[in-house]
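Q: Okay, here's what each chain looks like letter by letter:
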Amino acid sequence: MRNHKELRSVAAKVRKNIISMLHQSGSGHPGGSLSAVEIVTALYFDEMNVDPADPKKENRDRFVLSKGHAAPVVYSVLAEKGFFDKCELLKLRQVDSMLQGHPDMKGTPGIEMSTGSLGQGFSAACGMAMASKMEGSPWRVYALLGDGEVQEGLVWEAAMSAAHYKLDNIVAFLDNNGLQIDGKNEEVLGVDPLGEKFTAFGWNVIEIDGHDFDQIFTALDTAKATAGKPTMILSKTIKGKGVSFMENQAGWHGQAPNDEQKEIALRDLGGECNE
Amino acid sequence: MSKIATREAYGKALVELGKSNPKVVVLDADLSKSTKTADFKSEFPSRFFNMGIAEANLMGASAGLAASGKIPFASTFAVFAAGRAFEIIRNSICYPKLNVKICATHAGITVGEDGASHQALEDIAIMRSLPNMSVIVPADAEETKKAIFSIAEYNGPVYTRLGRSGVPVLFDEDYEFVLGKGVQLAGGSDVSIIACGIMVAESLKASEMLAQEGISARVINMSSIKPIDKDLIVKAAAETGAIVTAEEHNVIGGLGSAVAEVVSQEKPVPMKMVGVNDTFGESGKPAHLLEKYGLTAQEIVKAAKDVLKKK
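If you read the protein sequences in the order shown, they are chains A and B. So the first sequence is numbered by UniProt numbering: it starts at 1 and just counts up by one. So the second sequence is numbered by UniProt numbering: it starts at 1 and just counts up by one.
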């Protein structure tokens, strides 16, 4: 497909859904959800072999949200793709909802791994890639990590194992928005140079603008053409992307918009969109 | 009586299981010669993954393999499995109820010379507190083999606690292991001794010693600590009126606590717990350590006599 106009339209809806669902739930993580919209949209609406009518179909590609707190972006994309009804989005984080605060593979169609404790999704994604590779299966694994997440030692254990087992069937995006709960990465605990670190750990590293569909697809194509190595796509992004008062603000990592802020946010994003 | 370590039996059982069940894969963390998973590696190299000295990723990768339809057996020492990798087991394995079999060796004080840092005495407590997790402690080589085949047929996480040192062979090939069931090994009407792991053999010895003093002691092998056999415990409490538990584990949170949870709520009777009394171990020969830390038939006899006074 790679119809950028259509993808941009989906991304716009996804952003509005994120604002609406977080406003409704009164809690959650907008900043790191908005920064990953283009990446998750590109994966589900073009790259991955998935079928919303048959979420467990054989040889489907797997996506693991290792930065599990960004669940709203994945829920929003899954709903837009048709994995479940969009009315579920407004039940986020409520009792008896299928949409938990962090992804629950047992409760939500399309969620492949329960995540939320940082580093663990990446490790499980590497395990999935091992399973596919040992069978010679065609399915691939996609993971999304946060930049603060790489402070977890488990990320590097997993990175080491993926290179050792030559997992060229896994592609990880690193949502490099530069911010974490307590402030800038570089002030909390420096993570740079990320590219050199993953290169040293045996990964094929590609650096892109994580909001640019062209660059996302070019990187995905390069990853597919790279044999014998896992690929890490370092994606420069803007935390809170698209909402004027949220952009580049660490304070919007884990805070929901109030009524007034929701209105401003939806206006920034081009109007209410709950069809 | 011949002695075989449960880890030895585990290694052999894995190879046999691997032949009949192609979904079985094995992961280790640079201890495959000690955990005995090296046997499986030799037989099925493409189904064995050495994850290096990285126990967190050992469990995370196992979760991913299980989510993809494999039956991973993940092995390392108990202290690293239940301790270092705890939160990965909690969130990536137990929360989504993934089909990972954690087979932890070198549990308990009989690790011996390596000392306290390597002697897991709290792993049963940690693992049984996790929803969806089953916890088993086989008593001998034969039960280990039966348990490994049994848990491969069960869909869900299981923590199997295995030992480094040789333990007496108690059972023959007719022995059956059923998850959630205990087995009465000796009849008795005055007191019940409920034990797991290496303490089952000691309990049988204690029962004979008590018989010489005219005390009739029932012996139960409670290898399935979670789910636990409530009916068998309640029956023992009702019929003998006193219970002694015996385990190679801290008395806090282990088998004794699990039995007490049932007894106190269903059929209260006096209890005594034989185990390690909330302390770390130390280096030494296993036999010397068992003596020093009170994990012997003599201690069980003493506990039985004490508990009888409370009846």
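Some clues are possibly wrong.
[As the list claims (entries may be wrong)] Okay, the calculated bits of chain A under chain B, using three or more residues with CB under 8 Å as the criterion:
id	segment
1	97-106
2	129-139
3	155-165
Worth flagging that the hints you see were computed from the coordinates, not collected in a lab. The beta-carbon is built from N, C-alpha and C at its ideal position, and this holds for glycine as well.
Q: All hints, please: hold or fail.
A: These are the hints, each one checked on the structure:
1. 97-106: holds (count 3)
2. 129-139: holds (count 5)
3. 155-165: holds (count 6)
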